[in-house]
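In order, the protein sequences belong to chains A and B. The opening residue of the first sequence carries number -1 in the working numbering; numbering runs sequentially from there. The opening residue of the second sequence carries number 4 in the working numbering; numbering runs sequentially from there.
Careful, some of the hints might be misleading.
[As the list claims (entries may be wrong)] Rough simulated footprint, nothing fancy, chain A against chain B, three-plus residues with beta-carbon under 8 angstroms: (1) 75 to 82; (2) 89 to 97; (3) 104 to 111.
I should point out that these hints are in silico values taken from the structure, not numbers from a laboratory. The structure presented is a predicted model; accordingly, all values stated were derived computationally and were not measured. For glycine and all other residues, C-beta sits at the position ideal for the given N, C-alpha and C.
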Amino acid sequence: MPISPDELLEITLRTLFVSGVATMLGSLIGIPLGSLLAMTRFKGRRLAKTVLYTFYGFPPVVAGLVIFYILSGNGPLARLDLLFSVWAMILAELILVIPLVAGITLSSVTDVDRSILDTAKALGAGARQLRATALREARSGVMTGIMVAFGGAVSEVGAAMLVGGNIQYQTRVLTTAIVVETRNGNFEYAGALGAILLLISFGIYYLLGYFQERGPK
Amino acid sequence: MTPLLELEKLTRRYGDVVALAGASLNVDRGEIVGLLGPSGAGKTTLLRMAGFLEAPTSGRVVFDGQTARADKKESLVLRRRMAMILQKPVVFIGSVMRNATYGLRVRGYPDGQARGLVAPLLEELGLSGMADRPASTLSGGEVQRLAFARATVLRPELLLLDEFTANLDPANIGVLEKAVRKYRDGGGTVMMVTHNIAQGKRLADRVCLLLGGRIVEAGPSEKFFESPETEKGRAFLNGSMVW
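Put together the whole structure using the sequences plus the hints.
Given below as structure tokens:
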């Protein structure tokens, strides 16, 4: 028996919640991290950048495994009892999202014209204000980072399955629902879920693209 | 009276290249000092050090009796008492007004107050009708005028100008030179780099000729342009290549 309309709505909203919160938290951490790495000179900076870029290729299922270990019975955060909840899924997606946002922010801020920063400095900007100015100038690239991160989060399946458990009415999201429907032989239904996933992505990207093109006043 | 700015034996090396080789110069309050010299003489490097944008390899910059290194946090307090217009002024993303109020906003001025302070300057520089336009749509001359408004609205004690009228038409040059004089007449001090000998004559009270990272001649503008003391000074004014 395929998913009911009510369940479909619930799964769609959960998908939006998990990937939206992961992208938001990932951006809140990744954007300052990327701009700090771009604009601060310190020992080990190159190593830090390489580690960050390495995480671009971090397999989602391994991210899920890490979070699974941390939250499971013997893990350091077992007390929180988050395993097989949406928060465990968000944590796993954060591991994937933060490097993407931070890395793309890092390269966008690094590309900001040097004379823009010199001008800001010459007009009295302090270190934090310089970083804010650089981010504003690099906003198009930063928005791209957020878009890529959302894409990674919303399409994620391996980690979501592992730490979420794909529990009906609790942790099932569109991608894991597609897996279930395919296994049950409901290919058309799985295809329809895929189309919904694409529609969500289209809507979100349309909105983000609008802000990217509009530019600050 | 203590000079407003004291540049003491400034040296700057970039690897094996020596951009400045022990340049010393004082700038008094209320004067316009012109830095002259061919390309690569070290004028811009000297100006950037005076503005605490770049730290010297050796030597020190003293502003109003206080010193700081450009690469240290403490230099911000001194940097905020001056303003610099770079050789190729750039605009930030956003409107003309947002650009013009940048320095005020980083100093914590509320938006409304900053707009009020900038408005008369934009008017004076012929930019008032463009306040809400994206700054990226301005012409070269308009960008230079905006850069001037953006810097002088801060009422800096020292204004550093790097080729501030380069590539401009005579009308724009006239507007900006008039604004520099007005700023100086209001008690401001100016140190400016120029390739334009005629401009140096028109504006500077005192000039310094830099060659190969060294100040080879410095003195009152009138005297320098009429009878330079050094052979290199004479050659420079005659338009010969000097190194």
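Evaluation of the provided hints:
no. : hint       : result
1   : 75 to 82   : holds (count 3)
2   : 89 to 97   : holds (count 7)
3   : 104 to 111 : holds (count 4)
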